[in-house]
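Just so you know, the protein sequences line up as chains A and B, in that order.
Read in order, the letters of the first sequence are residues 1 to 485 in my numbering.
Read in order, the letters of the second sequence are residues 1 to 421 in my numbering.
Worth flagging that the hints you see were computed from the coordinates, not collected in a lab.
C-beta: ideal position from N, C-alpha, C; glycine also.
Any given hint could turn out to be false.
[Unchecked claim] Simulated restraints on C-beta separations:
hint: 1; chain 1: A; residue 1: Thr295; chain 2: B; residue 2: Gln205; range: 23 to 33 Å
hint: 2; chain 1: B; residue 1: Thr187; chain 2: A; residue 2: Gln51; range: 37 to 47 Å
hint: 3; chain 1: B; residue 1: Thr187; chain 2: A; residue 2: Pro46; range: 41 to 51 Å
hint: 4; chain 1: A; residue 1: Pro298; chain 2: B; residue 2: Gly402; range: 43 to 53 Å
hint: 5; chain 1: B; residue 1: Asn378; chain 2: A; residue 2: Pro276; range: 19 to 29 Å
hint: 6; chain 1: B; residue 1: Pro61; chain 2: A; residue 2: Arg256; range: 33 to 43 Å
hint: 7; chain 1: B; residue 1: Gly135; chain 2: A; residue 2: Glu260; range: 36 to 46 Å
[What the hints assert, rightly or not] Within a straight-line C-alpha distance of at most 25 Å, the following computed SDA-like cross-link-like pairs (lysine to any residue) qualify:
hint: 8; chain 1: A; residue 1: Lys109; chain 2: B; residue 2: Gly46
hint: 9; chain 1: A; residue 1: Lys109; chain 2: B; residue 2: Gly253
hint: 10; chain 1: A; residue 1: Lys109; chain 2: B; residue 2: Ala71
hint: 11; chain 1: A; residue 1: Lys109; chain 2: B; residue 2: Ala299
hint: 12; chain 1: B; residue 1: Lys99; chain 2: B; residue 2: Tyr63
hint: 13; chain 1: A; residue 1: Lys109; chain 2: B; residue 2: Gly337
hint: 14; chain 1: A; residue 1: Lys109; chain 2: B; residue 2: Gln254
hint: 15; chain 1: B; residue 1: Lys99; chain 2: B; residue 2: Thr246
hint: 16; chain 1: A; residue 1: Lys109; chain 2: B; residue 2: Ala334
hint: 17; chain 1: B; residue 1: Lys99; chain 2: B; residue 2: Gly358
hint: 18; chain 1: A; residue 1: Lys109; chain 2: B; residue 2: Ser182
hint: 19; chain 1: A; residue 1: Lys109; chain 2: B; residue 2: Gly251
hint: 20; chain 1: A; residue 1: Lys126; chain 2: A; residue 2: Ser71
hint: 21; chain 1: A; residue 1: Lys109; chain 2: B; residue 2: Met295
hint: 22; chain 1: A; residue 1: Lys109; chain 2: A; residue 2: Val172
hint: 23; chain 1: A; residue 1: Lys109; chain 2: B; residue 2: Gly292
hint: 24; chain 1: A; residue 1: Lys109; chain 2: B; residue 2: Asn288
hint: 25; chain 1: A; residue 1: Lys109; chain 2: B; residue 2: Ala284
hint: 26; chain 1: A; residue 1: Lys109; chain 2: B; residue 2: Thr249
hint: 27; chain 1: A; residue 1: Lys109; chain 2: A; residue 2: Arg133
hint: 28; chain 1: B; residue 1: Lys99; chain 2: B; residue 2: Ser88
hint: 29; chain 1: B; residue 1: Lys99; chain 2: B; residue 2: Val77
hint: 30; chain 1: A; residue 1: Lys126; chain 2: A; residue 2: Glu139
hint: 31; chain 1: A; residue 1: Lys109; chain 2: B; residue 2: Pro248
hint: 32; chain 1: A; residue 1: Lys109; chain 2: B; residue 2: Ala275
hint: 33; chain 1: B; residue 1: Lys99; chain 2: B; residue 2: Asn288
hint: 34; chain 1: A; residue 1: Lys109; chain 2: B; residue 2: Thr300
hint: 35; chain 1: A; residue 1: Lys109; chain 2: B; residue 2: Ala293
hint: 36; chain 1: A; residue 1: Lys109; chain 2: B; residue 2: Asn286
hint: 37; chain 1: A; residue 1: Lys109; chain 2: B; residue 2: Phe123
hint: 38; chain 1: A; residue 1: Lys126; chain 2: A; residue 2: Trp99
hint: 39; chain 1: A; residue 1: Lys109; chain 2: B; residue 2: Ala290
hint: 40; chain 1: A; residue 1: Lys109; chain 2: B; residue 2: Leu124
Given next are the chains, with one letter for each unit.
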Amino acid sequence: MARRDAFTEHFLRRAGFGASPDEREAYEDQGVAATLDEFLAPDSTPDPVDQYIGQPGFVGVTARTPFSPNSLINDARQRWLFRMVHTRRPLQEKMALFWHQHFATAYGKIAGALGAPAAARVMAAKPSEDPVRQRGQIELFRQYALGNFRDLVIEVARDPAMLVWLDGRSNVRGRPQENFARELLELFTLGVGHFTEDDVTSGSRVFTGWNLARVGNRDDPDVQYSFAYNANQHDTGAKTFSFPIYGGGSRTIPARSAQEGQQDGLDLINALAAHPATAERLARQLYAFFVSELTAAPADFVANVGGTYLRSGFDMRATVRAVFESPDFAAPWSMYARYSWPVEFVVRAIKETGWAGFSVNSALAPLVSMGQQLFEPPHVGGWRRGPAWFSTGAVLARASFAATLAQSQRTALRDQASRYRQSPQSLVGFVLDRLTPTRFEDGPYADLLAYVQAGGEWTGSDAQLLTKTAGLVHLVLCSSEYQVA
Amino acid sequence: MAVSRRAFLEGGIAAFTWSFAAPGFLSDLARAQGASTRSLVVLYLGGGNDSLSMLVPYTDPAYYSRRPTIAVPASTVLQIGSDRAGRSLGLHPRLTGLKGHFDTGRVAIVQRTGYPESSRSHFLGTDIWSTAAPGAPAGPGWLGRYLDALPAPADPLVGWSTSRETPRTLMGDVVGVPAIPSVEGYTFATPSTGADAAAARQAAQRIFSHVPVNRPHLAFVNGTAQAALATLSRVASVAGDRPSLTYPTTGLGQALRAVAGAIATGVGTKVFWVATGGYDTHAAQNPNGANGAYMGLMATLDDGLTAFVSDLANRGLLDQTLVVQFSEFGRRIAENGSQGTDHGAASTMLLVGGRVRGGLYGTAARLDAAPDNPGLENNGGDLRFETDFRSVYATVIERWLGADSVRLLGGDFRAPGLDVL
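Required output: the full structure, derived from the provided sequences and hints.
This is the structure:
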């Protein structure tokens, strides 16, 4: 099963979470161009993946019953990992992760404010399964994964989880508070250097009255949280910014009646979405996420992708297509030029190693030690990425997870490796082919071989295969060659 | 042999060369040095500490008029006297343990620390405090530069981050600092046991020792992994330490327990990093309620720090230990409509240790928003800094670490009046 198509694999690692051997073959048959089209149109691919939870043949979830991803955050984490492993819409899931980082919102603070079950619901509930159709934030990110960025920001500004996380729910006339407005300017759109302190003040006034409503008692399972515009709490005065708000160049949002005041926020978000700094910032973030973290995005990439974003009216489908069709993405130097995030490492390892009898529940604690707990970014800036993932503690945590996974799969791996039992070389070849690390140089390759040969003469017995295949998979999964994708 | 390769941080802006000099034989050297090692513990309050709730100007009427619901009542503060401007100050009522250590002269409080044109961004602000370079806050941290300047090869445990990652403060161009969030969890697992596990571990050690040609991003990971393996046994030895008292179960308490264990075990670490979060109190700050947000922060801080100081004092180790606390900014003077405070400018630093010259340093500003009030900035909204935070760093570098602050800070920030050590 020598690998046929390095570019398809590159694409599957970046646009998705890697591929199982079967998936890889199917996508290689289909070709990258058609696969990109398919990934960019997730709604045209059926999405039954949640129905597979608990079914044989799929990665497991906790044995706890009932499995309650709409009200227990740990079950929601498992369901998300399950989706990453098995979805047929990998790019939608990848973009949901991108937006989770971009609009980083942490469950912990929300649980403190709303209680744990309600916090899990506003973070992760599927509306179709919720008694009052609460839409969890991650469902918003899935829905708008490849949608219009301006519309996404508007939805985020009205999202119950965000209204709690950045305290918008208590932003009132007269004494506005700045949390949401500052991060909207600094992190969600323009970036530091493109706005002033006065812009923060004006921005916080814009969103006065964008509050959170609760229907029902806090502890009821069907308590409902939703955005509510409170006209009485809106600051109706004019607000001036250091950048144009309207096409004509005007920098001032006019004074409006309280009833019409919600338009202030729409006008500001529209201006922020259309600002060149936002286009460039998104282009840079997409470059780091999909292309390379080793170098800053080249100017022509930023111009091309940022330009596509602006010309398309903030359409992420067109923008992300421009990323994947860029020469930078296809360049040989962008292969394996990105450090895998912990969840990417975990999911790819599961997809490439196998999952018979393995539960994503076993990944939750290791992910915390690796530095990435889903629904719990460390702060509104999201996770520190790139080399920051590789502290000593996190490297050990990756190795420990790899050991757990390899140990759990050792019987299946032995059976699959039995065709390659004739020599240590062929066994190493099988493992390197099965997984998709970047090239091992002669030195570390020799070390892998020496490990197979350690402990006695190679006979290729079942017992040797059982131990050494799992051991090899572990060594490859925790090697530096496997930490890049 | 040192592994040296460039690694690339966020956005590819800063290029670091990290070296995890990993040889295990250095551990004996480190142990031999351990007895005389001075330890510096950097304590970061993440989110921007509202210093006006921690150190309360309880005789300033503007403090109460501008904070109608969240001011700490004068009747509840722990009075600690007046600063040299004659302004009376009191600690937050939950800081009872710290007050006790203040009374015995082990706590220095430096008011209004900051820098010109304070950034109100958490991330830029943190980078500035970490690098001590307000103009260009990229590149290595101020303590990373200190570690880089130590005689090479640096011992792999010369620094120790109790967080899951190595903070920029401790990032150097040359020396890499391990992140050890849990002493017990710091192990290398294999899928097999016995002889095969030993073989697997040896193989891993060899694989990580290679320097992938022209692939520095892989070499960086290998260097980190080598450092992890090289420090396992010494970190495990810290797990055997028994403190003289029970630490709180909070993250801060347990991190400080590990630091005390490392100091007591004499593993030779010079610089520790400890962080505690939750200080971004935009809403429902409630410093007075028994379950209020800020009361909780002060409880975590006081219980953890007090246990640490008492434990080290009990074991005769406090004289070789210095804690320096900072936060990326202070908060607005006036409360917002959410009973919280927004991002501000100057804040307060604490220095705690057996050799600290305790007391109040700096002066409290008048808090009235009059345009001519020199202590405020941002139209009277924020505290203007009085002591450049780099002056505190300079004192720590010169008088505690015994290094050249002018070289490490890229300028002379020594302040003669800042006799905190």
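Quick rundown of the hints versus the structure:
1. A hinted range of 23 to 33 Å holds for the C-beta pair Thr295 of chain A and Gln205 of chain B, which are about 31 Å apart.
2. At about 39 Å, the CB distance of Thr187 of chain B to Gln51 of chain A agrees with the hint of 37 to 47 Å.
3. Look at Thr187 of chain B against Pro46 of chain A: about 44 Å separates their beta carbons, and that is inside 41 to 51 Å.
4. At roughly 45 Å, the beta-carbon separation of Pro298 of chain A and Gly402 of chain B lies within the given 43 to 53 Å, and the hint holds.
5. The hinted window of 19 to 29 Å between Asn378 of chain B and Pro276 of chain A holds, with their beta carbons roughly 28 Å apart.
6. Pro61 of chain B and Arg256 of chain A have their C-beta atoms about 38 Å apart, which keeps the hinted 33 to 43 Å range intact.
7. At roughly 44 Å, the beta carbons of Gly135 of chain B and Glu260 of chain A sit within the given window of 36 to 46 Å.
8. A threshold of 25 Å between alpha carbons decides the hint, and for Lys109 of chain A with Gly46 of chain B the separation of about 14 Å falls inside it, so the pair holds.
9. Note on Lys109 of chain A and Gly253 of chain B: the hinted pairing holds, with a Cα-Cα distance of about 20 Å set against a maximum of 25 Å.
10. Our distance criterion of 25 Å between C-alpha atoms is met by Lys109 of chain A and Ala71 of chain B, whose separation comes to about 23 Å.
11. Restraint check for Lys109 of chain A and Ala299 of chain B: satisfied, since their Cα atoms lie roughly 18 Å apart, inside the 25 Å limit.
12. For the hint linking Lys99 of chain B to Tyr63 of chain B, the alpha-carbon distance of about 22 Å falls within 25 Å, and the restraint holds.
13. Simply put, Lys109 of chain A and Gly337 of chain B have alpha-carbon atoms about 19 Å apart, close enough for the 25 Å limit, and the pair holds.
14. Using a Cα cut-off of 25 Å, the hinted pair Lys109 of chain A and Gln254 of chain B holds, with the two alpha carbons roughly 21 Å apart.
15. For the proposed pair Lys99 of chain B and Thr246 of chain B, the alpha carbon gap of about 20 Å is at most 25 Å, so the pair holds.
16. Pair hint Lys109 of chain A plus Ala334 of chain B holds up; C-alpha atoms about 23 Å apart against a cutoff of 25 Å.
17. For the hint linking Lys99 of chain B to Gly358 of chain B, the alpha-carbon distance of about 11 Å falls within 25 Å, and the restraint holds.
18. Distance hint between Lys109 of chain A and Ser182 of chain B is fulfilled; the C-alpha atoms sit about 23 Å from each other, no more than 25 Å.
19. For the given pair, Lys109 of chain A sits about 16 Å from Gly251 of chain B by alpha-carbon distance, which is consistent with the 25 Å threshold.
20. For the hint pairing Lys126 of chain A with Ser71 of chain A, the CA-to-CA distance comes to about 10 Å; that is within 25 Å, so the pair holds.
21. Of the pairs offered as hints, the one joining Lys109 of chain A and Met295 of chain B holds, with about 16 Å between alpha carbons and a cut-off of 25 Å not exceeded.
22. A hinted pair counts as satisfied when its Cα atoms are at most 25 Å apart, and Lys109 of chain A with Val172 of chain A qualifies at roughly 21 Å.
23. Using a Cα cut-off of 25 Å, the hinted pair Lys109 of chain A and Gly292 of chain B holds, with the two alpha carbons roughly 14 Å apart.
24. For the hint pairing Lys109 of chain A with Asn288 of chain B, the CA-to-CA distance comes to about 20 Å; that is within 25 Å, so the pair holds.
25. At roughly 12 Å between alpha-carbon atoms, Lys109 of chain A and Ala284 of chain B fall within 25 Å of each other, so this suggested pair holds.
26. Straight-line distance between C-alpha atoms of Lys109 of chain A and Thr249 of chain B comes to about 19 Å, which keeps the hinted pair within the 25 Å bound.
27. Of the pairs offered as hints, the one joining Lys109 of chain A and Arg133 of chain A holds, with about 22 Å between alpha carbons and a cut-off of 25 Å not exceeded.
28. Our distance criterion of 25 Å between C-alpha atoms is met by Lys99 of chain B and Ser88 of chain B, whose separation comes to about 15 Å.
29. Distance restraint check for Lys99 of chain B and Val77 of chain B: the Cα-Cα separation of roughly 10 Å lies within the 25 Å cut-off, and the hinted pair is therefore satisfied.
30. A hinted pair counts as satisfied when its Cα atoms are at most 25 Å apart, and Lys126 of chain A with Glu139 of chain A qualifies at roughly 6 Å.
31. This hinted pair checks out: Lys109 of chain A and Pro248 of chain B have alpha carbons roughly 21 Å apart, not beyond 25 Å.
32. A hinted pair counts as satisfied when its Cα atoms are at most 25 Å apart, and Lys109 of chain A with Ala275 of chain B qualifies at roughly 18 Å.
33. Under the criterion of a C-alpha separation no larger than 25 Å, the hint pairing Lys99 of chain B with Asn288 of chain B is consistent with the structure, at around 17 Å.
34. Distance hint between Lys109 of chain A and Thr300 of chain B is fulfilled; the C-alpha atoms sit about 16 Å from each other, no more than 25 Å.
35. For the suggested pair Lys109 of chain A and Ala293 of chain B, the alpha carbons sit about 11 Å apart, so the restraint of at most 25 Å is met.
36. With a C-alpha separation of about 15 Å, the suggested pairing of Lys109 of chain A with Asn286 of chain B holds against the 25 Å cut-off.
37. Restraint check for Lys109 of chain A and Phe123 of chain B: satisfied, since their Cα atoms lie roughly 19 Å apart, inside the 25 Å limit.
38. Taking the CA atoms of Lys126 of chain A and Trp99 of chain A, the gap is about 17 Å. The hint holds against a cut of 25 Å.
39. For the given pair, Lys109 of chain A sits about 18 Å from Ala290 of chain B by alpha-carbon distance, which is consistent with the 25 Å threshold.
40. Our distance criterion of 25 Å between C-alpha atoms is met by Lys109 of chain A and Leu124 of chain B, whose separation comes to about 23 Å.
Of the hints listed earlier, there is not a single one the structure fails to meet.
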